[in-house]
Amino acid sequence: MTSLAIKSEPRRVSPAAVRVLRVVAVRLLGAVGVLVGAATATFFLIQAMPGSTTDVLLARTQASPAVRAQVIAEYRLDDSLFTQFFAYLGKLATGDFGTSFVLRRPVWDAIGTQLPRTLELVAATLVLTVVASVVLAVIGAGRRRWARSLFSGVEGLIVAVPPFWLGLVLLGVFSFSLHWFPAIGSSDFSGLVLPAIALAAHPVAVVTRVLREGLLRTLDEPFVLAARARGISEVALRARHVLRHAALPVTSLLGWITGSLIGGAVIIEIVFSRQGVGRLLLSAVQNKDMPLVIGVVLLAATVFVVVNALVDAAAWLLDPRTREH
Amino acid sequence: MSPLVRVRDLVVAFGGRPAVRGVSFDVERGQVVALVGESGSGKSVTARSLLGLCGRGAVVEADELAFDGLDLRSLGERQWRGLRGRRVGLVAQDALGSLDPLRRVGAEVAEPLREHRIVDRVRPEVLRLLADAGVPEPEVRERQWSHQLSGGLRQRALIATALAARPELLIADEPTTALDATVQKQVLGLLRAKAAAGTALLLISHDLAVVADLADYVHVMKDGAVVEHGVPADVLTNPRHPYTRALLNAVPTAERRGRGLSGTIPALDQPDRRVPGRELITVTDVVKRYRVRGRPPITAAAGVSFTVRAGETLGIVGESGSGKSTVGRMLLGLVAPDSGAVEFDGVPWSARAGAERRAARRRIQMIYQDPLASFDPRYTGRQIVTEANPDPERVAELLRLVGLAESQVDRPARELSGGQRQRLAIARALAADPAVIVCDEPVSALDVSIQAQVLDVLVDAQRRLGVAYVFISHDLGVVHHIADRVLVMRDGAVVESGSATAVLAEPRHQYTKDLVAAVPGTVLRQAQSVLKPG
Amino acid sequence: GGTTEAAGPSGAPVRGGTLRVAVADEPECLDPQQSPTAASRFLARPLVDSLVNQGGGGRIAPWLATEWRVSTDRLAYTFTLRKNVKFADGAVFDAAAVKANLDRVVNPATKSLLAASLISAYDKSTVVDEHTVEIRLKHPDSTFLSALATPNLGIQSPATLTGDPAARCATVIGTGPFRSAEGFASQKGISYTRNPDYAWPPEGAENDGAAWLDAIEIQIAPDAGARYGALTSGQVDAIANVSPTNARELGSTNGFVLHSTPYPGIPFSYWPNTASGPFADRKVRTAFRLGIDWPRITENVYFGVYGPAKGVLTPTTPGYDASLESQYRFDVAEANRLLDGAGYATKDSQGYRTKDGKRLTVRHMWSDAGVTDLATQVQAGAKEIGIETVEENLDGGTFVDRLLKGDYDLIDTNFAAPGPQVLQVLLGAENIPTPERGIANNMARYTAPAVQADFARALEAADQESQFKAYADAQRKITDDAAVFPIYDDRTTFGATSRVNSVAFLADGAPDFHQIWLSQ
Amino acid sequence: MVTALDTPTPVRRVRIPRAGIAAALVVLAVVAIAALAPGLLTGVDPNHADLGATLRPPDWDHWFGTDQNGRDLFARVAHGAGASVLIGLGATGLALLGGIVIGTLAAQTGRWGDEIISRLLDVVLAVPGLLLVFLVAAVMGASGFTATIGLAVGTVPGFARVVRAEVLRVRASTYVEAAHGLGHPGPRVVLVHVVPNAVGPVFALATVSLGAMIVASSSLSFVGLGPKPPTAEWGAMLAAGRDLASVAWWPTVFPGVAITLTVLAVTVLGQHLQARFERRTV
Ligand SMILES: Nc1ncnc2c1ncn2[C@@H]1O[C@H](COP(=O)(O)OP(=O)(O)OP(=O)(O)O)[C@@H](O)[C@H]1O
Ligand SMILES: Nc1ncnc2c1ncn2[C@@H]1O[C@H](COP(=O)(O)OP(=O)(O)OP(=O)(O)O)[C@@H](O)[C@H]1O
Ligand SMILES: [Mg+2]
Ligand SMILES: [Mg+2]
Ligand code: NI
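Residue numbers (the working numbering), protein chains in the order written: chain E, 33 to 357; chain W, 26 to 559; chain Y, 105 to 624; chain F, 65 to 346.
These are calculated hints, taken from the structure and not from any lab test.
Only a predicted model underlies this, so the values are computations on that prediction, with no experimental measurement involved.
Take the hints with a grain of salt, since some may be wrong.
Said to hold, decoys possible - 30 Å max Cα-Cα, derived DSS-like pairs, lysine-lysine:
{"hint": "1", "chain 1": "F", "residue 1": "292", "chain 2": "Y", "residue 2": "228"}
{"hint": "2", "chain 1": "Y", "residue 1": "573", "chain 2": "Y", "residue 2": "387"}
{"hint": "3", "chain 1": "Y", "residue 1": "228", "chain 2": "Y", "residue 2": "190"}
{"hint": "4", "chain 1": "Y", "residue 1": "462", "chain 2": "F", "residue 2": "292"}
{"hint": "5", "chain 1": "F", "residue 1": "292", "chain 2": "Y", "residue 2": "242"}
{"hint": "6", "chain 1": "Y", "residue 1": "581", "chain 2": "Y", "residue 2": "487"}
{"hint": "7", "chain 1": "Y", "residue 1": "242", "chain 2": "Y", "residue 2": "187"}
{"hint": "8", "chain 1": "F", "residue 1": "292", "chain 2": "Y", "residue 2": "509"}
Produce the complete structure using the sequences and hints provided.
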């Protein structure tokens, strides 16, 4: 005799649409806040870099004083920091990311040409991650203990191999020796295979583990016994009941992973000589190309915000229990 | 005609450790057979062996294990699936978790219909099944998810899924454990109707009262074996096995008031000499409302007034959500009332602050339903009590008083059994030398026999130390057994109060009458009245 | 397999084919008038021609200008321009185009980071007639024609010069043997197609018509290993900047050829701060140069692909003085003697020399990770003669800051240039980097008056012979002074499959795509 | 790459064979010796360049061979443990400290404090971990110290969130209520009951994330944002050996194996500890 019974109170709430709208509005506001915060933090961080922006910009060149003056005037580098900052924010508000100091073209344009390649890589990695993890988790879940140990051992090993090293090994074997995949470039699908594998290795290992444990945990749930007692097959059980539950923690995990893939892509893009935002950022940071760095940071933050909104939406769709709030 | 189910010498082992050892029973068509026994005695495993769902790693052996002449020992997976749901329905033990929380209730009910292709048009049948199972507004409920249903509704929906494919045998594993007395009554009624309509029923319960009212035949299990069986009237009035006898004795009821239940504390057989003292707590007209965004406010206390005297036990009863816990927490000053006052020792909580408030706190302690949750997980039993009273001698004395052995208290509390944990909680509460202890459902999670021991310890401590109890429970039997005075609450209001015997034996308010009437165990009560004590 | 210095044609050239090339570096802006990088010169050269061409031996040859006259005060240059030359956009090449280009380069709005300073003497241009242009200088500058020969001052279509200079960071339109419709895409590369009308290569070119190749596709691949893999796996036909290990391997792999040519100019060198610190003492500098086994380090780090340096200039630079080579020898005994003489006669417990209790320590400042191995080995070599080198690997900002302040003892760089004039760029007193002047190349902060006088003489020189004579004097004095520690002669490397024929290099080390052809 | 910077890896109990734990302990012991007292493993100076013995394959004198500068690779791998592991440990330690302090503050400072701190954490969280390290490296110059700070900053929000949630959970728990009921002062309850019980999960998370930190720190060195040359560091050694891969395998294989083994050992042990922790509380 316990007191677990839950009263079903008649729910008298505002219409669903209003509620959804309010949630969306609050989220949008939060997202804008995060973006402004990220832009602000990056701006002042970059200003804290040693050496004046002008010097870094003109490093190792023999620009004449006239050119120097021109650069300072054009990028308003002689204004006070705060003037620069607010001018920058003001432009941001109108959707103008400014002009890259070094590349001499609009930040948005510079990022825009590289972005598709990075998104391609991230998307391929995500697809690979999801497909491989579901397959591996389902294979791994029903096994005996020693097989499970083996699976988790291999996962541990994969997580322990640095992705850039894995990338080098893949390149050496499959490009340089076997010539199956191109060694450089990012123009076509075959150029996507090895980078996606190198980048997906860690997520696959992590997601597989979470998914498999989710499967095992769900298989222990009472409703699984109830479903089995209705005489449904194991396949139907997994498809209709178990996978959805196991997928719940994975959706939020995938949100995190997508965010971090943008960071991981930097390394992979370097290893595989791929086009992408990662390499753009690395050189922008080295060149103290402030508008470009902030642009990339904002982009990454936007991806993060969007992905997390998607993850919440997915959770909302998958799990009716979250719809109450 | 052979019985529908025939089990002979069933042995189920997990990793070499037998959980069921040599159980034999029959279930005839249209018969209600009950398995009773304490937690872990093997009831569920026994029942699930009829579905081939004993769990991962179970080794099932039997001389005979047959359903309608079909030898279950040699079934393949496909044949099992033909049996499950279609011929044998299961209402699994954990009803609240037995509906997939991610699927609509209707889909769950429809699943066996589709799986076994029972009907062409599924939806009308689902609605009919839900209505049949006593679910009001089936059109609405069908589209809801399980978390939107109350425990009772979930239990009924689950029964609907189990009955959907019209099985010949229904296994109901603890179908009313989590339910209020009133809801419990409805569910039991539903099962009784099904049995009357010809479905054989294998009923599992730890609650003798439930079993006694419903079953045609009872098997009492202990440690994986059936220790006694027979028709309920026989088993309950004339228990042959000491275990059955102890089990019966342990049930707290009005009739057993003032006596020891467990037989472990002889002192309780002495007459009770308590006289209630001065007024310790005065509650005047307290109101408490909870506001949750997007919902109308909930009134958890609507003008409650009462007093607690030194050394007495005040019982608070009422169904779930009626505000019992809220009132209890207000007594401790943990929840401040919206209006009205709670005075302790003549001073309202609102007038106490800082060190004075903390000092007053020590004089009114609490015992929770889940004792483990109230212990710091890093602490051993002794540390837990020592935190309340640094004097090691006093700690040792109290531990002895509640019946905890020295060897048990230097381990982390989670390694103790449920009953031991609750004794530890009592020891801690007593260690602060309180005048009052608020006990919020202290025995609801315990087996009858363990419950008996804990109740005995509480009564014993009160007699020795003169501490007053505010005893919150939804179990009328327990309250009747322990309380001097009783408050009956409903929707935050006190609907009736007075001496325990007066209120519970001759209820005046209609709500109280319903509560009392809903308590199962007519057969049991009759049996107990003829049972010899000891 | 094999290695060539500069391959002559093997068989008769065939027209057609697409050459796929992977290169290491990309410019931040394609337009060499704006960008200072070698990458922009490399990628723009197929697109733009120059007024004059600087070929082997530093000789200036006619190109878009068929002839020119220099006034006696050497302030006015009158160019006669080639007729019937067209830009890729159809515009006609004429005197106005030349004027527009030069004026545009020196306009600060262009933010030219190199081209403008190459012609810092430029005053103005005058269109004499359609095919004659007169250029006036503010002061005589004997490097002016060399400057005009670089892609940085290549002539671009006047129509493209009027708009936002940033537009030319992607597409440059010139009169070159190739054209590029899509232009340069960052991190990706650039594709060229043949300019079928091309008929105006520099004088003496082997191919005097349109290019042999139909097209060139250039991909950016910063990693040397990946480039090499791309070449050996057949993904590309040729790669630029072959790493030394790969270069050695390529030379011995069937089906591949390593094309290579030394860069004229200044070898890769360590530059001592001659103005302050231990290296202000000539004896210490000389000891440092003599006491370290530079050739061995070069062999260790570059696997024999780069030869050890033997002078202030590389041997292929016009005006190189070979008579000084014996001075660049490995002589530990002499080094130790010099250091003893400089007062660093005692050693501390770790074996480093000390003077007045102070350790002989020099700080080597760098910001390019590419020199790590070299620095490590130089450090080890210096330790042998008791000199401690502290490696300071700095970020760009700090590096520039300290460069301008002169807060360092050693710094490294090389400088490719077609002639000995480069000596002044790196050792001219007016080129010392200071906070006021900004970045400049005299990192040795060298001011020896005798050498400065030689530079002045060379600048004024009426003919090449006397100019070279002045630079030879400067080389001797610089060597005596140990104002620079040359390490190795940089080479340009171009690895290709043996289908790629007739690979030759331009003055600045880029391959001459105009005459390359592919075997079918 | 998924780093601990970004994922609160929910790793559940995995039973690890005893032999695995023993092997992990041995590896970690060797790594610990290498990190703290590399002199015990090798008497060779990792930065001593023997110009006469460059790029020697492994032999009796040089167990792992020598690099292009004639430096003993065994000595460099041994000394490299210090850089990689200490960066990982340092970053994890800093992140733990920061996470616990900030998380507790967020939970304890009431609605507004919580809101402000949480939003700030969101901002940091929105920037992928490695990008953050790039920024920090750009500002402070690439070094082991910056890598440590950068990794720590990137990890703090994740840890702080866990701590905050735990503090809130523990604070609402019955045993904290019971402690208040015994009349103990609030701060005492927070220190004695709330914080110790709240930090458990984040410690478990930290043991697992340590491995990811080591991988991340070697990745940073690989792109040149780690400790500066000539400091021996595994990632940097891999980057340096990369160009030589066609002529010499040993400069890339040994550091790579060193990272992998270390991270594997750390992960195995971390999971083991986490499993033990969970068994203790569940
Ligand atoms: N899948 C399993 N693996 C191992 N042991 C099990 C498994 N299922 C049940 N047991 C063990 O078998 C014994 C009997 O369990 P069972 O669930 O039948 O008890 P019960 O009488 O139904 O108890 P309760 O009243 O608590 O439901 C217990 O000791 C239990 O721990
Ligand atoms: N902190 C709270 N916030 C909002 N609502 C609350 C809160 N605490 C209790 N309630 C609501 O107040 C009502 C009374 O709750 P209370 O816990 O006092 O009931 P109860 O009689 O103890 O029930 P049970 O037998 O289930 O323990 C319930 O509807 C409950 O949902
Ligand atoms: Mg059971
Ligand atoms: Mg309650
Ligand atoms: Ni109960």
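(message) Checking one constraint from the list: CA of residue 292(F) to CA of residue 228(Y), max 30 Å. Satisfied?
(response) Violated. Residue 292(F) to residue 228(Y) sits at ~49 Å, over the 30 Å cutoff.
(message) Given the hinted pair residue 462(Y) and residue 292(F), is their Cα-Cα distance within 30 Å?
(response) Satisfied, since the Cα-Cα distance of roughly 26 Å is no more than 30 Å.
(message) Given the hinted pair residue 573(Y) and residue 387(Y), is their Cα-Cα distance within 30 Å?
(response) Roughly 27 Å separates the two Cα atoms, so the pair holds.
(message) Checking one constraint from the list: CA of residue 228(Y) to CA of residue 190(Y), max 30 Å. Satisfied?
(response) 24 Å, holds
(message) With the threshold set at 30 Å, check whether the alpha-carbon distance from residue 581(Y) to residue 487(Y) stays at or below it.
(response) 27 Å, holds
(message) Hinted pair, alpha-carbon criterion (30 Å max): residue 292(F), residue 509(Y). Please report holds or violated.
(response) 23 Å, holds
(message) Tell me if the straight-line CA distance from residue 242(Y) to residue 187(Y) falls inside 30 Å.
(response) With Cα atoms ~29 Å apart, residue 242(Y) and residue 187(Y) stay inside 30 Å; holds.
(message) Would the hint linking residue 292(F) and residue 242(Y) be met if the CA-CA limit is 30 Å?
(response) 47 Å, violated
When the structure is compared with the earlier hints, violations turn up for hints 1 and 5 and for no others.
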